[in-house]
Every structure is written in structure tokens, then in C-alpha cells.
Amino acid sequence: MTDFVSASKYAASPDRVGEPDRHPDRPAGEFICNVLSNEWVNGEYKLLALETPPRALNARAGQFFHLLCPTPDGAEVWMRRPMSVYRIDKDAGHLQFLYKCEGRGTQGMALLEPGDEFNIAGPFGIGFHLDPAWKNIVVLGRGVGLATLAPLAQMAAENGVHVTAILSARSAELVMSRDMFDELGADVIAVNDTDHSSDVDNVEAILEKLIADGRADAFFTCGSNRLLDLMKRLGKAHGVPGQVAMEQIMACGLGACYICVRTFEVNGEKILRRVCREGPVFDIQETVGW
Amino acid sequence: MVDLSVKIGDVEMANPVTPASGAFSWEYADVIDLNRLGGLVAKTICKEPRLGNPTPRMAETEAGIIQSIGLPGKGIEYFIDHIVPEYKKFTPPLIVSVSSESTEEFAELARDLSIPGVDVIECNISCPTRNTTGGNFAMQSEHTKEVVSAIRAATDKPLWAKLSPNAGDIVSIAMAAEEAGADCLVIANTFLSLKIRTDNFRPALGNKFGGLVSPALKPIVLRMVYQVAKQVSIPVIGIGGVTKAEDVVEYMLAGASAVGIGYAGFRNPTALTAIIDDLEAWCDDRGIKKVTELIGAIKDDDMEMDTLTAASSGV
Numbered sequence: 000m001t002d003f004v005s006a007s008k009y010a011a012s013p014d015r016v017g018e019p020d021r022h023p024d025r026p027a028g029e030f031i032c033n034v035l036s037n038e039w040v041n042g043e044y045k046l047l048a049l050e051t052p053p054r055a056l057n058a059r060a061g062q063f064f065h066l067l068c069p070t071p072d073g074a075e076v077w078m079r080r081p082m083s084v085y086r087i088d089k090d091a092g093h094l095q096f097l098y099k100c101e102g103r104g105t106q107g108m109a110l111l112e113p114g115d116e117f118n119i120a121g122p123f124g125i126g127f128h129l130d131p132a133w134k135n136i137v138v139l140g141r142g143v144g145l146a147t148l149a150p151l152a153q154m155a156a157e158n159g160v161h162v163t164a165i166l167s168a169r170s171a172e173l174v175m176s177r178d179m180f181d182e183l184g185a186d187v188i189a190v191n192d193t194d195h196s197s198d199v200d201n202v203e204a205i206l207e208k209l210i211a212d213g214r215a216d217a218f219f220t221c222g223s224n225r226l227l228d229l230m231k232r233l234g235k236a237h238g239v240p241g242q243v244a245m246e247q248i249m250a251c252g253l254g255a256c257y258i259c260v261r262t263f264e265v266n267g268e269k270i271l272r273r274v275c276r277e278g279p280v281f282d283i284q285e286t287v288g289w
Numbered sequence: 000m001v002d003l004s005v006k007i008g009d010v011e012m013a014n015p016v017t018p019a020s021g022a023f024s025w026e027y028a029d030v031i032d033l034n035r036l037g038g039l040v041a042k043t044i045c046k047e048p049r050l051g052n053p054t055p056r057m058a059e060t061e062a063g064i065i066q067s068i069g070l071p072g073k074g075i076e077y078f079i080d081h082i083v084p085e086y087k088k089f090t091p092p093l094i095v096s097v098s099s100e101s102t103e104e105f106a107e108l109a110r111d112l113s114i115p116g117v118d119v120i121e122c123n124i125s126c127p128t129r130n131t132t133g134g135n136f137a138m139q140s141e142h143t144k145e146v147v148s149a150i151r152a153a154t155d156k157p158l159w160a161k162l163s164p165n166a167g168d169i170v171s172i173a174m175a176a177e178e179a180g181a182d183c184l185v186i187a188n189t190f191l192s193l194k195i196r197t198d199n200f201r202p203a204l205g206n207k208f209g210g211l212v213s214p215a216l217k218p219i220v221l222r223m224v225y226q227v228a229k230q231v232s233i234p235v236i237g238i239g240g241v242t243k244a245e246d247v248v249e250y251m252l253a254g255a256s257a258v259g260i261g262y263a264g265f266r267n268p269t270a271l272t273a274i275i276d277d278l279e280a281w282c283d284d285r286g287i288k289k290v291t292e293l294i295g296a297i298k299d300d301d302m303e304m305d306t307l308t309a310a311s312s313g314v
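Chains as they are written, first to last, in numbering that gives the first Met the number 0: chain E, 0 to 289; chain B, 0 to 314.
Wrong hints could be hidden among the right ones.
[As the list claims (entries may be wrong)] In silico DSBU-like pairs for lysine-lysine, Cα to Cα no more than 35 Å straight-line:
#	chain 1	residue 1	chain 2	residue 2
1	E	K269	B	K144
2	B	K229	B	K144
3	E	K235	B	K73
[Unchecked claim] Simulated DEER-style distance windows between Cβ atoms:
#	chain 1	residue 1	chain 2	residue 2	range
4	E	G102	B	S113	41 to 49 Å
5	B	F200	E	E101	21 to 29 Å
6	E	L271	B	E100	15 to 23 Å
7	B	G8	E	T70	54 to 62 Å
8	E	A189	B	E76	37 to 45 Å
Because the hints were derived from the structure by calculation, they are not lab data.
Every residue, glycine too, gets a C-beta built ideally from N, C-alpha and C.
The task is simple: from the sequences and hints, build the whole structure.
Right, here's the structure in full:
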């Protein structure tokens, strides 16, 4: 029962690789992609590469796809799993997802093999935004949050914006996306828990220096509540605007069900916003953490 | 090619496939052509703005998801000014779902929503996480009759009543709603459910209880649709576990004139239009000229056991 629609005898609603786009006017879609590779990058993370129909490649950094993951254990995985896109290669027609094999959805995803079909829906949500006035941005991420921030470096490079990337992880081996940031010309500062360089005090000192050096026109973060709090505090103190990509348990992905809401504070008032529709990228100053 | 059109009372629909309230919004136009749907069913609206329930609002179980959203919304004024116009960009009839904790306010809502552009008022008298007198009127016949009568008196629009699968005897509740003037019965809302986390002994949902949404509901709700359709003369819409065209056929054979789809649209955002395509092909393959031929066409006249009586009397 994994995929009602593509298992149907008649229906041709999801778009497939190599077939004409039957819904060219729609900003998003449901796509049956071909798995190209799905390799371990370390003991916890895998990198999935997909061949997709062209419309899926309109994804922007920070947007997500809703993935119909195979079962890891024989029992049904009922809902899709939202995952931000790691790399968009329009020329090759490929999308990549970098993910940590943790829950049932990602454990099922880890079983995909080259040649398999994989149903993804999207691109959904609002991605990162680069203001033309920004020349230097600071990207601060931790763990799997770095996979979300990596395509921002791609977008910054395309727009001639310089990136300083502070990459945080439990240990040096688990620093994700370093190659991608290096390749795109970012200044990379890797910090980890093992040598305590990832402590908030140290990261705060790094950020303070970047602000003082005029290297921080805007902040971007994902993957850690304490790093979000830090960027919110420093951003407020120094007038640095910021964006954060957030997660929530999600059902429809399109804004209909109101399952993925989070609390935000706008002009002193607490409001709920849908991560799938008003996000997943939000103004750092409006967040209330999680 | 088969004629898929159906009529729910005076409401004409291009086909029997509609979304279920709460599982759909105009935002699905990002992915599918909404003009292809039988109807557009808006998320239940309440009079005043509501934030809804605490998160998590959804949890997976072995046999589907449980969810408790709590009817968040910006209230009726915002709905009329901003949401109705979003739906009116599309052609299918607009079914507006309303809910309230009081009979008087329910009637007031129906009256205030009886405006051009709204084609049907669906009264959600069966929100599973509310109590009998607090919005879940459909647990008991007398409450159902009272609230539906009040709403009926407040609007000339077609009135659909959404019933609860959690009631002991849904047939008497359906009859009460018909007697009170409902034009159609929508069967059913979600099943009241609970999931407890074994790692911290806490309920998995922020609101403790939730409604079960699953293909597993189909045989149960199908039975309810069958029982009710035998006893009422107004149309019935079946909602519960529809994931493919054959499920639509099954509900129609049981006596439904149309179906509502929730979960399948979460799982496959293109499910609704895919199911319409499939239903058309299914009928064409079998030489069925009008989809309405299927309504109540179950062949069970030769079966001896009167399961209708058995189930109604609690055997």
C-alpha cells in the first residue's frame, strides 16, 4: 500500500522522469523519481541522489519536499516526511537529500537502492531569501541542520554574496556539508563538542568578531535551539537580520491541515504559523524557540 | 464515456469525489486542478478566532494517524472576506463547514454564512474531541435533532449534517438529523482515539485524545453508510478510508451518493484527481453509463441474516 496513486491501474497523476510535464502551470507536484545513488557519508548520515522531472528542480534553498518513505520494518509509514533539499543540479536534472537515519521514515529511506522509484511531492514552503544589499552573510548550523543550509551557500555564490559558515557537530567526523561549503568558496569554521569549540561562549565570540569585522550583513541558522537563541540575541543587539529553517511534524505539506504549526511572537502577540506554508524559513526575531 | 455527475439534493456535482473538511484547502491548487473536483469543502469555521490545540497535533499508529487540531481559524468575518473569495476562483460548489459549542451560535453561523458564493452549509456536529453538549451533538439523537432544527430554521441553503462514528446507534441519529431538516448526511467524522508513549508515559498528542484517520476505517464506516442509507431518504456522503477508485465504488454500492477524502490527499497530494481519473476508467471498462447506477446497487437481497437489525439492536 506504499503509494496509492502510483500503484493505481489507471491514474497518471504523478509526473515521471522522461515524460512530458502534464501540469506545467503548477508550482509544485507529485513526482515519481529514479534513485541514482544512496550512500553512507559516515556512520549516521546518507546522501540520496534522485533523477527528477524538470519541474521539481524549481526548488529554492530552504524549500522542502515531502517524501513517501518505504517501510523499514514491514509496518506502514503512514505520513510523508518533510525534508529540505540539499543540492539542486538543474543541468543534470538531479536533486540530492542529505539525511540522518534516525526515525522510521529515514530508516526506510536508507533502504532505497539505485534503480528504485521514489515518490516525492513539492517543492513546498518558503525558502531562504537574500537581500540584494547583503554582501557578507553568516551561516551557523548544527548536525543535520547543515544539510538545509548547504544550498544557501550555492544560492549565495550565484549572487556574489560571501559566506562565512560555522559548522557545528558532536565530533569532527560528523561535521556535515563541509566539502560543499569549501567548494563554493565559503570561509569555513568547524566547531565540535569533543574539544568544546562548539560551546555557545566560543561561537558567540566568533560571531561577535564577524559582526565587528563587517562580515555579518545577515544571519542564517538551522538545527540547534541554543544556536538560534544566540543568533536571535546577537542579531537583536547589533541589528543583524536573520532567518532560521524550522521543523515540525507535518501531514499535508500544503497548508490545509494545520498540524505543523509553531508559535511565533509578532509585535508582542503570540501567533501560530504553519511550518509548511508560512515557513519553513522564518525571521529569527519572531521565533520563540522550541 | 461514463457520466460521473451526481446530485446531492439540489446541488449538482461533476463527480462524486470531494475532499473531506479539514483535510483540504484552496492551497491544493499548487498541485492539482481544483476545477476537476466534485466539490470544494472548506475547513470547519467557528464564529470567533481560535488558535486550536497544543502540539503535537498528529501521531502515527500501527493502523493510521491520530490527529487533534482543535478547529483553528480566524473567525467568520475573516472567512467571508478572505477565504470564500479564494475558493470562488474555482468552479465546483463550495461547501462551508461550521461548528459551535452552542445551538444558538450554530444557527447564527449558518445564517451569517448564507451568502452568495456559499453553496452548502455543512454542520460539523461531530468534532470527536468535544463533548456531547460542547459541539459533539451527534453523539445523541435528541441533541442532534435540536441543533439541526435550529440550523435548519436559520438558513435556506442546502444543509448537510456531519455525523459521528463514535455514537452507539448512528442510524437513530441519522434519522433524527433527517427529521430535523438536513438535506444530506455526511458519514462520518473521525474515531476518538488515544496513543500513549511508552518512553515517557505521556499521551502522544498535545490534546491527549485525537481522531483516527486511516484506510482501516473504511469497512466500519461503509457498514454505517449502508445501515443509514437503508433508513433515510436523503442522500448520504461516505467519508472514511477512501484511497482508490474502488473504494468510491464500494461506498456508492452501499448507498452513498458521493464520498469525501481526507487521509489519501495527505499521503498523495494528487490523490483526488487520480481517483476521479480511475473512477472514470473503472466505469468505462465495465460499460457503466452513469455513475449514479452504482448508488445502493449492492446485491444482497438473497442474504438471509438481517444484519441491519442485528447491528442496530446491539447484537
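Structure-based check of all given hints:
no.: 1; hint: E:K269 / B:K144; verdict: 39 Å, violated
no.: 2; hint: B:K229 / B:K144; verdict: 20 Å, holds
no.: 3; hint: E:K235 / B:K73; verdict: 30 Å, holds
no.: 4; hint: E:G102 / B:S113: 41 to 49 Å; verdict: 47 Å, holds
no.: 5; hint: B:F200 / E:E101: 21 to 29 Å; verdict: 22 Å, holds
no.: 6; hint: E:L271 / B:E100: 15 to 23 Å; verdict: 21 Å, holds
no.: 7; hint: B:G8 / E:T70: 54 to 62 Å; verdict: 43 Å, violated
no.: 8; hint: E:A189 / B:E76: 37 to 45 Å; verdict: 53 Å, violated
When the structure is compared with the earlier hints, violations turn up for hints 1, 7, 8 and for no others.
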